[in-house]
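Participant: Listed below, chain by chain, are the residues.
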Amino acid sequence: QEYDIALISKGFQHQFWQAVKAGADKAGAEFNAKVTFEGPDTEAQVDRQMDMLSSAIARKPSAIGFAALDSQAATPLLQQAKDAGIPVIAFDSGVDSDIPLTTATTDNVAAAALAADKMAELIGGEGKVAVVAHDQTSRTGIDRVDGFVNQIKSKYPKIEVVSVQYGAGDQLQSTEITKSILLANPDLKGIFGANEGSALGVINGKKELNSSVVVIGYDSGAAQKAAIMDGSMAGAITQNPVGIGYETVKAAIAALKGETLPKVIDTGFFWYDKTNIDAPEIAAVLYD
Amino acid sequence: MATTDTAAKPGLLAGIRGSGAYHKLLAFSGLIALLVVFSLASPNFLQTANILAILQATSVNGVLAIAATLVIITGGIDLSVGTLMTFCAVVAGVILTYWGLPLPFGILGAILAGAASGLVSGAVIAKLKVPPFITTLGMMLILKGLSLVISGTKPIYFNGTPDFNQISLGSIVGSVIPVMPIPNGVLILFAVAVIASFVLTRTALGRYTFALGSNEEAVRLSGVNVDRWKIAVYASAGAVCGIAGLLIASRLNSAQPALGQGYELDAIAAVVIGGTSLSGGRGTVLGTLIGALIISVLANGLRILSVAQEWQTVVTGLIIIVAVYADILRRRKL
Amino acid sequence: MATTDTAAKPGLLAGIRGSGAYHKLLAFSGLIALLVVFSLASPNFLQTANILAILQATSVNGVLAIAATLVIITGGIDLSVGTLMTFCAVVAGVILTYWGLPLPFGILGAILAGAASGLVSGAVIAKLKVPPFITTLGMMLILKGLSLVISGTKPIYFNGTPDFNQISLGSIVGSVIPVMPIPNGVLILFAVAVIASFVLTRTALGRYTFALGSNEEAVRLSGVNVDRWKIAVYASAGAVCGIAGLLIASRLNSAQPALGQGYELDAIAAVVIGGTSLSGGRGTVLGTLIGALIISVLANGLRILSVAQEWQTVVTGLIIIVAVYADILRRRKL
Amino acid sequence: MINEQSPRRVPSDKGNSVPLVEMNGIYKSFPGVRALTNARFSLIAGEVHALMGENGAGKSTLMKILSGVYSRDAGDVHIDGQLMEITTPRDAQKLGIGIIHQELALMRDLTAAQNIFIGREPRKGLLLDEQKLNADAAAIFKSMNLMLDPRVPVESLTIAKQQMVEIAKALSYRSRILIMDEPTAALTESEIAELFTIIAHLKADGVGVIYISHKMDEIKRISDRVTVMRDGEYVGTVLAADTPIETIISMMVGRKLTDEALVIPDTSNAEVALEVRGLRRGKEIRDVGFSVRKGEILGLAGLMGAGRTEVARAIFGADPIEAGEILVRGKKLEIRRPQDAVRAGIGYLSEDRKQFGLATGLDVRNNIALASLSRFTGAGGILRDGEMREAAERFIRQLAIKTPSDTQEARLLSGGNQQKVVIAKWLLRDCDILIFDEPTRGIDVGAKSEIYKLLNALAAQGRAIIVISSELPEILRLSHRIAVMCEGRLTGILPGGAGQEEIMRLATQRESAMAPEPNSKVA
Ligand SMILES: Nc1ncnc2c1ncn2[C@@H]1O[C@H](COP(=O)(O)OP(=O)(O)OP(=O)(O)O)[C@@H](O)[C@H]1O
Ligand SMILES: Nc1ncnc2c1ncn2[C@@H]1O[C@H](COP(=O)(O)OP(=O)(O)OP(=O)(O)O)[C@@H](O)[C@H]1O
Ligand SMILES: [Mg+2]
Ligand SMILES: [Mg+2]
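Residue numbers (the working numbering), protein chains in the order written: chain S, 4 to 291; chain F, 551 to 884; chain Z, 551 to 884; chain A, 4 to 526.
Where hints are given, some of them may not hold.
The calculated label-pair distances, taken between Cβ atoms and stated as ranges, are [claimed, not checked]:
no.: 1; chain 1: Z; residue 1: 589; chain 2: S; residue 2: 234; range: 56 to 64 Å
no.: 2; chain 1: F; residue 1: 677; chain 2: A; residue 2: 393; range: 32 to 40 Å
no.: 3; chain 1: A; residue 1: 325; chain 2: Z; residue 2: 598; range: 45 to 53 Å
no.: 4; chain 1: A; residue 1: 84; chain 2: Z; residue 2: 777; range: 27 to 35 Å
no.: 5; chain 1: F; residue 1: 677; chain 2: S; residue 2: 234; range: 49 to 57 Å
Some, not all, of what chain A presents toward chain Z, calculated at C-beta under 8 Å [to be verified]:
no.: 6; residue: 93
no.: 7; residue: 131
no.: 8; residue: 205
no.: 9; residue: 206
no.: 10; residue: 496
no.: 11; residue: 497
no.: 12; residue: 501
These are calculated hints, taken from the structure and not from any lab test. The structure presented is a predicted model; accordingly, all values stated were derived computationally and were not measured. Glycine included, C-beta positions come from ideal geometry on N, C-alpha and C.
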């Protein structure tokens, strides 16, 4: 194989990251590159990610793809990569540095704002809603919660966000959180689950309590798709994880070939529900 | 840990003798205090649906904590309960969904996988003398990796086995007494507790469990096959983790291979809050059940009150210490 | 845990008497085996930059593990080391970035915050007789919550204190001997190890640390103020966690309030792999250092070899068990 | 003769009219147990005051109150005539009260020297002065005529040596009041002699010594006055010199004890129950061989460190052996684990009950049943607790174990009663071959004679018994034959009626002085 590309992601076990990995592997096969993919257990483990990054640099790969958990922490290591002549492509979240040649990413704030708009539409513009998110301090956690909550606050004064709780993306924990929220707020109209694990937990909690609350999810996966099909989830925001992985590797190869890259590769986000889930452009960005 | 000794004295007696009803009643005090506070603070707390939600939320951690109790009474520790649970769930997924076999095979498979893994841990501990902490830490990682490997790093759904969901969510009680829709998961928790308690107090296995934790060398010099009983305890704990795996998979209608790490701490916390000493030789299943309930009530109550998450964490930490301290004070007075 | 006892005897001799150089040399065997295997498997492994990366990766866990060692030798346990580290990092962030005070205040603040928190844990354990497991579990949660509260649930960057980064990443050695750019973080780890080892073997605090773990009741019967010394041990361990907090914050140039939970398990694993018995009374800082290095070398080497992450986990679990078993075999033969 | 509490009649009274210690009306209860009821005690400077009583009489409890370990429920304690509140061991130390506890209270991972000076380490600035520490400890050992490296961890010492370390520790405090709670239980003759020399010196220095022991001969040898307790109550104080041992015993047990003479049965035609050939392990067991017949009691005598315990453990499969054969009823057996030995009908009562005998967290019933659980296990592994209780209660009665019930935790029993629990465990197991290592360590006279009777009865039932004891009178009192060991070798086997001199000669017969192979002496 011609190239060795190391991807350091924010996570590994979650389906979202597995979809990114799948996209990266696909590009790897296409461009004849060996692609490795790893990430820490939780999005809080910034230092573990630094260890992974420095091991990756020590391996002397042709290029590195990096999804930063913290926008600044990796600066010295990125410099080290640059000094070693290893091109770096950022993905999923950017860093405060001009070392990465490009960033393949989704605008999470805008995506969550879209979820807020859809929520407002589905519950008729008033009532109580809640958010079950995955992480209180990670970039995606903050962006999605802020994107949703701020949009509601600024555009929908009759809607109140009564509770924002965090379940670490763990389905079981998110289930319990959802149940508590529903039981504490019998008149709740809607819940936004801010990543796949949270969204599934919300669906689960809703089912266990036989609630009819409106649920909006995030990302995809077989269970979320099924929930949308059976109506328990109204719809969800999806990014294009496969595209992110694919574009990252593709950009790395382009950089290695000396091509110039755009500053940002926007991989986009989409709203999907029962009506458009089978549409080719949506089906292409969903994963199982 | 020397300080635990004095604290836990009566627990043992209660456990071994099956008597001491007075003690047992009093041990609820911390739990009851929490229930009272939350009931006063929120009208939504003491409602059937919420009580059921709390019980349901206790089921997985409760079963795991019972597994941990068995091992801790021998003076050991089991850090692998969380990932073993996941592994068993994945095994059930592979059997039911990938192989398409009928439900009983899945149930049996999960429990056997748990027992087999416990057997391996037990054998490494008993025969190779690797400390339980290290053995089960290693097993925790091995099982975590294997779950990802055999599931293909993705969740396995049980859509082909519609009954699977009923293991935890169905309600046999509810179908007979409609006003008491106690989910089966909760029944299973109580069944496991009753059986574990019976095994611990009434059978040879249970007696050796306490004896091993009390003075392993003396047991060995009494001509007892210490290794065999130790392995049996770990295997039983593993089987119980298998049940926990079924419960969680059934609740989520899927085997989530990434889940499980971190659950061991909650399980061990429930055991210790329940008065079982980490130095072994004493402990009760009832105490563990109360410990697990304290943890769930706390989580549920604080969420119902919509306490900010960071403060939830602080308050949980404080209350765990205070609850155990209150228990120590109470025991000292007796 | 009875099984650890026989295994760990020689470690004690080495630790207390400061002799037994032969033992100490041999204890490296597991580590050396790993180094040899990885060096043969990949040309990139045994290069200065990678060795420095491994040492750098060990620095935080190594310092935390030293803190855990102190407590574990007393027969206790400290589950709060990870979140305490974070708490101290956040305290430094508040002092340096929010209040804008000069660097020494930040350093002092972090270490004092650690010592104060350790003091609280120690006092709860010694005076209120709450078991160490529960106390430090509670503290773990309390500190986790407080870190989020005082940081405002977001990372605090040290951009206003440019030197802060140098605590961990700068290289005093490198500025003198350019071919050896050993980062200060690694030097600090070794300095902490030397001081801790010295305290354990040469001072009264160290003597009582071992004595408490050996037989607390006997120490009490000897008229020693057991409570005071126990509190001192926890406070010292807390101060060491404060140093870890500075190291990690400096490395990340930020205090990350959500980090830390789960780190206690790695720290305790390093301690136990290093031959310190969880039942107390014996242990060495050198062993802990080797344990921490084994963990980092394993992680680094498997990554360098591009092993798939799920298999990395499995192999790590296996090797931890095998390394400790090999150590037990070796000791048995001696 | 009872209630002769009169300091004026004490010979060693050097004109100190104020007693060092005066305890009056002391009460103490534990959950379910009344340990002390209106107990009293007094001590004057320069006397050795023996405190006597059956197991569980409350001796240790009274002393723990004096030394600040327990708090009393009622009563008062005067030191030098002044009312004192002693609530911590530290208080007691400050008042010059030192104690050697009945149960070893050592820090197993620390060295002998570190144990002795715990809390009082010599320092050089901030650092510990390890050199001075070891030198000081060595000096104490030297003054005790004890050969011991102060730098060895105590856990690697035999119990006897550990006990000597405890004694050294107590002496190092230079207390005015020194309590010795059964210091000689784990010692052999030579060390006991050393200890008594030390006590004589202390006495001469005006130290008041409280001495607790179940060895009646010692009382006569060293004590000035004797206070007797029974069931937590004060019975009386007498002068040791004036009072016959029988009187003290009857004060203790409240009745007269009869002692049967040793009758040696003819077992020459009986089947050989256990035979050991060429047993070896390192320096501890060097080619040991002997046999025991059914109905025979074989005494195993020797000095501390002779290797008797090692032989017993090796036969029992508790430690691996390098060479040798073990034959049970003529059949060669592979005994690799204690389990194999127990299955072959061998029982072993360890000399260290705390570490190897008792599951301290379990209750009395379960400790007694521990080796026989399978007998009480029914279908599905369910235990027949009722039968277990009956069995336990039978032995509690038979051995007069003092416990509130069979569900009392074993660790809460007095030392002697714990020992009886362990004996009961092996009696319940019904072994044909019983090895008793120091069976009467810490056991009171009454119970001791009960145990002697029991051993005789067991032998009469046709069991083969090996008794290891460091008390020569006990060996002489029990053994049908006496095997003597020295430095890991069997130096001879003597007939039951043998004299003390002959045993001592064999027990000190070092390798160079030895002519024939010990094996040749075995039948
Ligand atoms: N901590 C305790 N808890 C409960 N009971 C106790 C405790 N300590 C002692 N006892 C009981 O108090 C009584 C007196 O015990 P103590 O140890 O003082 O007897 P002793 O005279 O020293 O006996 P021995 O000669 O066997 O050592 C016994 O019945 C014993 O079981
Ligand atoms: N735990 C131990 N560790 C190291 N050496 C030991 C240990 N136990 C015994 N020994 C050594 O083994 C030898 C024989 O032990 P021991 O003193 O128990 O023999 P014994 O004849 O049974 O004596 P006694 O019963 O009078 O104590 C001694 O040299 C002793 O130092
Ligand atoms: Mg006593
Ligand atoms: Mg012996």
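Participant: Was the hint right that residue 206(A) lines chain Z, CB cutoff 8 Å?
Facilitator: violated, 24 Å
Participant: Given residue 501(A) as an interface hint, is the shortest Cβ-Cβ distance to chain Z below 8 Å?
Facilitator: violated, 40 Å
Participant: Take the C-beta atom of residue 589(Z) and the C-beta atom of residue 234(S), compute their distance, and say whether it sits inside 56 to 64 Å.
Facilitator: Since residue 589(Z) and residue 234(S) have Cβ atoms about 59 Å apart, the given range 56 to 64 Å holds.
Participant: Closer than 8 Å between Cβ atoms is the bar; does residue 497(A) clear it against chain Z? Give me holds or violated.
Facilitator: Not OK, violated: residue 497(A) not within 8 Å of chain Z, min 38 Å.
Participant: Between residue 84(A) and residue 777(Z), does the C-beta distance stay in 27 to 35 Å?
Facilitator: holds, 32 Å
Participant: Does 32 to 40 Å hold as the CB distance between residue 677(F) and residue 393(A), or does it fail?
Facilitator: About 37 Å separates the Cβ atoms of residue 677(F) and residue 393(A), which means 32 to 40 Å holds.
Participant: Does the Cβ pair residue 677(F), residue 234(S) satisfy 49 to 57 Å?
Facilitator: Cβ of residue 677(F) to Cβ of residue 234(S): about 55 Å, so the range 49 to 57 Å holds.
Participant: Mind checking the CB of residue 131(A) against every CB in chain Z and telling me if the closest is under 8 Å?
Facilitator: holds, 6 Å
Participant: That 45 to 53 Å hint for residue 325(A) and residue 598(Z) (C-beta), does it hold up?
Facilitator: holds, 51 Å
Participant: Residue 205(A) was flagged as interface toward chain Z. Is the shortest Cβ-Cβ separation under 8 Å?
Facilitator: violated, 20 Å
Participant: Once the shortest beta carbon distance from residue 496(A) to chain Z is found, is it less than 8 Å?
Facilitator: violated, 35 Å
Participant: Is the shortest C-beta separation between residue 93(A) and chain Z less than 8 Å?
Facilitator: This hint holds: residue 93(A) lies near chain Z, its Cβ roughly 4 Å from the closest one there, short of 8 Å.
Comparing the model with each numbered hint stated earlier shows that hints 8, 9, 10, 11 and 12 do not hold.
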